Amino acid sequence: MLTYSLRRLAFSVPVLIFISFAIFLLMDMAPNDPTANLPMTIPAETRAQLREALGMDDPLLTRYLLWCKQFFIHEPLHLIAQWTGISISDPDQLRVLSWSSRVPVVDLIADRLPQTLLVVGLSYLLGIAIALPVGIYSAYRQHSWVDHVGTFVSMIGYSVPSFFLGVLLIIVFAVKLSWFPSVYDTTLQVTDFTSLMTQLRQMAMPVTILALYNAAQISRYMRAAMLENLHQDYVRTARAKGASETRVICAHAARNSLLPVVTVIALGAPQVLGGAIVTEQIFKINGIGELLISSIQSGDLPVVQSLTFLFAVLIVLFNLLADIAYGVLNPRIRYD
Amino acid sequence: MSVNLRPVGYLTLSICALSSAAMADRGDQGKLSLLYWQAPTLLNPYLASAPKDSEPASLVLEPLARYDENGIMLPWLAEAIPTLENGGIDPDMGSITWTLKQGIKWSDGSDFTAEDVVFTADYCMSADSGCQMTAKFTDVSQVEALDAHTVRISFAKPKPYPYGPFVGLEVPVLQANQFADCIGPDAVNCSAENLSPIGTGPYRITEFKPGDVVSYDINPYYRDATKPGFASVVVKGGGDALGAARAVLETGEFDYAWNLQLDPEVLTKMKAANKGQVVSSFGTAVERLQVNLTNPATDLYDARSTRDGGAHPFLADPRVTKALSLAIDRTALVQIAYGEAGRPTCDVLAAPAIYTSGANDDCLTQDLDRARALLDEAGWTDSDGDGIRDKDGHSMALLYQTSVNPVRQTTQDLLKAWWTEIGVETELRAIAPAVFFGGDQSSPDTFQKFYADLEMFTNFFPGSDPEPYLNNWTCAAIPTPENGWAGMNVPRYCDADYDALIAKLGNTVDLEQRIDISKELNNMLMQAGALIPLVHRGEVSAHATSLQGVRMNVWDSELWNIADWTRAK
Numbered sequence: 000m001l002t003y004s005l006r007r008l009a010f011s012v013p014v015l016i017f018i019s020f021a022i023f024l025l026m027d028m029a030p031n032d033p034t035a036n037l038p039m040t041i042p043a044e045t046r047a048q049l050r051e052a053l054g055m056d057d058p059l060l061t062r063y064l065l066w067c068k069q070f071f072i073h074e075p076l077h078l079i080a081q082w083t084g085i086s087i088s089d090p091d092q093l094r095v096l097s098w099s100s101r102v103p104v105v106d107l108i109a110d111r112l113p114q115t116l117l118v119v120g121l122s123y124l125l126g127i128a129i130a131l132p133v134g135i136y137s138a139y140r141q142h143s144w145v146d147h148v149g150t151f152v153s154m155i156g157y158s159v160p161s162f163f164l165g166v167l168l169i170i171v172f173a174v175k176l177s178w179f180p181s182v183y184d185t186t187l188q189v190t191d192f193t194s195l196m197t198q199l200r201q202m203a204m205p206v207t208i209l210a211l212y213n214a215a216q217i218s219r220y221m222r223a224a225m226l227e228n229l230h231q232d233y234v235r236t237a238r239a240k241g242a243s244e245t246r247v248i249c250a251h252a253a254r255n256s257l258l259p260v261v262t263v264i265a266l267g268a269p270q271v272l273g274g275a276i277v278t279e280q281i282f283k284i285n286g287i288g289e290l291l292i293s294s295i296q297s298g299d300l301p302v303v304q305s306l307t308f309l310f311a312v313l314i315v316l317f318n319l320l321a322d323i324a325y326g327v328l329n330p331r332i333r334y335d
Numbered sequence: 000m001s002v003n004l005r006p007v008g009y010l011t012l013s014i015c016a017l018s019s020a021a022m023a024d025r026g027d028q029g030k031l032s033l034l035y036w037q038a039p040t041l042l043n044p045y046l047a048s049a050p051k052d053s054e055p056a057s058l059v060l061e062p063l064a065r066y067d068e069n070g071i072m073l074p075w076l077a078e079a080i081p082t083l084e085n086g087g088i089d090p091d092m093g094s095i096t097w098t099l100k101q102g103i104k105w106s107d108g109s110d111f112t113a114e115d116v117v118f119t120a121d122y123c124m125s126a127d128s129g130c131q132m133t134a135k136f137t138d139v140s141q142v143e144a145l146d147a148h149t150v151r152i153s154f155a156k157p158k159p160y161p162y163g164p165f166v167g168l169e170v171p172v173l174q175a176n177q178f179a180d181c182i183g184p185d186a187v188n189c190s191a192e193n194l195s196p197i198g199t200g201p202y203r204i205t206e207f208k209p210g211d212v213v214s215y216d217i218n219p220y221y222r223d224a225t226k227p228g229f230a231s232v233v234v235k236g237g238g239d240a241l242g243a244a245r246a247v248l249e250t251g252e253f254d255y256a257w258n259l260q261l262d263p264e265v266l267t268k269m270k271a272a273n274k275g276q277v278v279s280s281f282g283t284a285v286e287r288l289q290v291n292l293t294n295p296a297t298d299l300y301d302a303r304s305t306r307d308g309g310a311h312p313f314l315a316d317p318r319v320t321k322a323l324s325l326a327i328d329r330t331a332l333v334q335i336a337y338g339e340a341g342r343p344t345c346d347v348l349a350a351p352a353i354y355t356s357g358a359n360d361d362c363l364t365q366d367l368d369r370a371r372a373l374l375d376e377a378g379w380t381d382s383d384g385d386g387i388r389d390k391d392g393h394s395m396a397l398l399y400q401t402s403v404n405p406v407r408q409t410t411q412d413l414l415k416a417w418w419t420e421i422g423v424e425t426e427l428r429a430i431a432p433a434v435f436f437g438g439d440q441s442s443p444d445t446f447q448k449f450y451a452d453l454e455m456f457t458n459f460f461p462g463s464d465p466e467p468y469l470n471n472w473t474c475a476a477i478p479t480p481e482n483g484w485a486g487m488n489v490p491r492y493c494d495a496d497y498d499a500l501i502a503k504l505g506n507t508v509d510l511e512q513r514i515d516i517s518k519e520l521n522n523m524l525m526q527a528g529a530l531i532p533l534v535h536r537g538e539v540s541a542h543a544t545s546l547q548g549v550r551m552n553v554w555d556s557e558l559w560n561i562a563d564w565t566r567a568k
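The listed protein sequences derive, respectively, from chains A and B. Under numbering that gives the first Met the number 0, the residue at position 24 of the first sequence is numbered 23, and the numbers go up by one with no gaps. Under numbering that gives the first Met the number 0, the residue at position 229 of the second sequence is numbered 228, and the numbers go up by one with no gaps.
Just chain A, with the same shape it has in the complex (with noise of 0.2 Å):
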């Protein structure tokens, strides 16, 4: 397992490294200009030296060789001399520099990554909670009043897109009712239990509309799996050895069920880390999906570059847990 893993690893490496180039092209290809948003006053030879300064006449690959150098070495080495207090460089080397607000790209996210954390991560958690008795009931049921339930809120929550809900949730409960803020306030600092309270009211709105969304798509693939395996010769003999029905279904049916559903899980996680691009613009979370639209909005290319790469490391590294944890769960599987 462990070979397979560093084998994985290894061959994950110039993946990466097409991925990226492959993105700076794209990047490159598309009609894109950071100038195009200033004030219309500002005349063409000031936007033509803005370009000069932001480096954007060089050839394209000494831009993807230096992007490659900022991001691959003096990023890791400026985040070892934060943290170890060990300067290996000059601390003056160049990092990935956002080209609108002239901040290291690295900084950006750091300030980004708490809420998105706490507001797509803790959707995500709740919407797996939900998500997994739900789906084990429907099926153990299937055809009950809970399965039909479940079934009737997953496809709300499947096909109502969140830029309708969201903007729904704010009229009813920030405009009529004043419940919740229809503002989330990224300054606020949890101290007391008032300010707990705050914290939990602004994540309210957006946490249901996410945990729905993601308790929809789980719970489907949960309840397909569980009827699936409850159909199954060997719940039919656990049965007849005198098993529990507890046992059967928790034991038995869901362990084996999970399978497919944790695939699903681990493959949704990087969108955890990747934020939620309309969900944090409707709640003003200005996460990292936030940050991502808007840069590419203002033609922002280092920041998306370097997002859209972090993305796709992402998403390499949890295909390879969600195969590592099939070969956990099932022990008949075996990689090497």
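Treat the hints as calculated values from the structure; they're not laboratory data. Model, not experiment: these values are computed from the prediction. One or more hints might be untrue.
As the list claims (entries may be wrong) - Calculated from the model, a selection of chain A residues having no Cβ within reach of chain B, i.e. all distances over 12 Å:
(1) R6
(2) V14
(3) I41
(4) L78
(5) S100
(6) Q114
(7) I129
(8) H142
(9) I170
(10) Y233
(11) R254
(12) T262
(13) Q280
What the hints assert, rightly or not - Label-pair ranges, simulated between beta-carbon atoms:
(14) A223/A - D385/B: 55 to 63 Å
(15) K175/A - D361/B: 43 to 51 Å
(16) F162/A - K268/B: 13 to 21 Å
(17) F163/A - G29/B: 35 to 43 Å
To be verified - Far from chain A, by Cβ distances over 10 Å, these chain B residues were calculated:
(18) A64
(19) V117
(20) K156
(21) P159
(22) A179
(23) T225
(24) E376
(25) G384
(26) T419
(27) P461
(28) M487
(29) E538
The beta carbon of each residue, even a glycine, is placed where N, CA and C say it ideally should be.
Since chain A is already given, all that's left is putting chain B on it; use the hints.
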């Protein structure tokens, strides 16, 4: 003299200042929350001059002079506005001398001096700095400190209007000490300095998360001991204009929301909650159709939309553009698409009021019959009975492009319907703003390449002097393949008389004469049909009913007088 100095303005200002000072003490008004739905990303206007950045920066960084809500220049860090009369401007227009106020301190406690002003000029004018405000320093040959509180700015040639450097929110004074290592190519890498510039304004930055939120507290060294009223300010970003309007007008979570160009109906409904009010202010911005006077036909290849490719088959005829203009019901357009954010206009130079010509106002009322008659007169009739006018086998079909923006798409639909009534066929295109306004040479869709018959966008000029704006339509400003499609003369209008009059304007000092010439230039553009002005656009913001002291200002930062803002008890 071209300065709008109005003693009455000073008087009212000082009365206002006195009365609000009597009402409030420094910092006794609590917290102020502002919502800028386009989030600020960089608080140094020299590197980020869009209003979303320069306005939040204006709480901290201040210029020598700024504009009040009527577009009148006020001395800010300077004692007075230099004029010819008070000797601040050299009689031969070669230099301007600013006298700075005494006793002003930076928020770190150090003194504000002439050296800071000199440094800021160096900062922007040094090569490879990425400074976006170089146009404000055009022709500046030298900036020198005569003493600790006197700065002289010399120009390479006589400047009838020398109020470029350090006037307005985009060109404030930076602290020399803080930015000393950020000259030239290093300017763009000074992350820490750009994140938290030290200023002389009423507030200082306590925390800035780019693209998310800026927090401020009071500058302890602010020059007025009774101001500002609010103890802390938060500028939150993110979301969209609709959500921002809702947070002020419906839920009351925020005190102020900026830039709310929304469907007028939506705003009216939101106002019904009685939590806030909508304010607007009109500057120089005019939404206009640019008419392609050259031929954009695809079979011309490289000569497309250039003067080498020849004149446009029908738009070069002023009767046709006049007809297109007369077919538009501007009042209805404003009511449907703009609401409080617009007024009908027939002049591309629609403000300041002293500069408006009014000679073209016949287009304010829609006149379809006259439009049809003009097209008939020009020889364009519907000879084949398909409802579209034609002449010599050429059909009168327009490609009309603009950027993606709900208001613009509504406008496109309305205009298309009106033009159909006079027998003109219109094809609509909407292009992503980053592409349309971007300077990407490889893209055929930029507004400067103009591979279309008509295109629509807004342009404006900062401050109150229209000379640089009118310079946009000289022959030299035509975008061509040779100059890399640079230049703002998008209609490709070229008239020797216009150029001669522009040259005359550049040498004219007397304000009355400058006004007359400017009006004449505007009329020339209108009569040639190079542009079809549609709407004089205002800025719209909303503030909580409890917030007092807001004097909505489109000429400068909307937050220009934030030190005077208070909350009703």
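Exercise. Which numbered hints are broken by the structure, listed smallest first?
Worked result: Numbers 3, 5, 6, 9, 13, 27, 28, in rising order.
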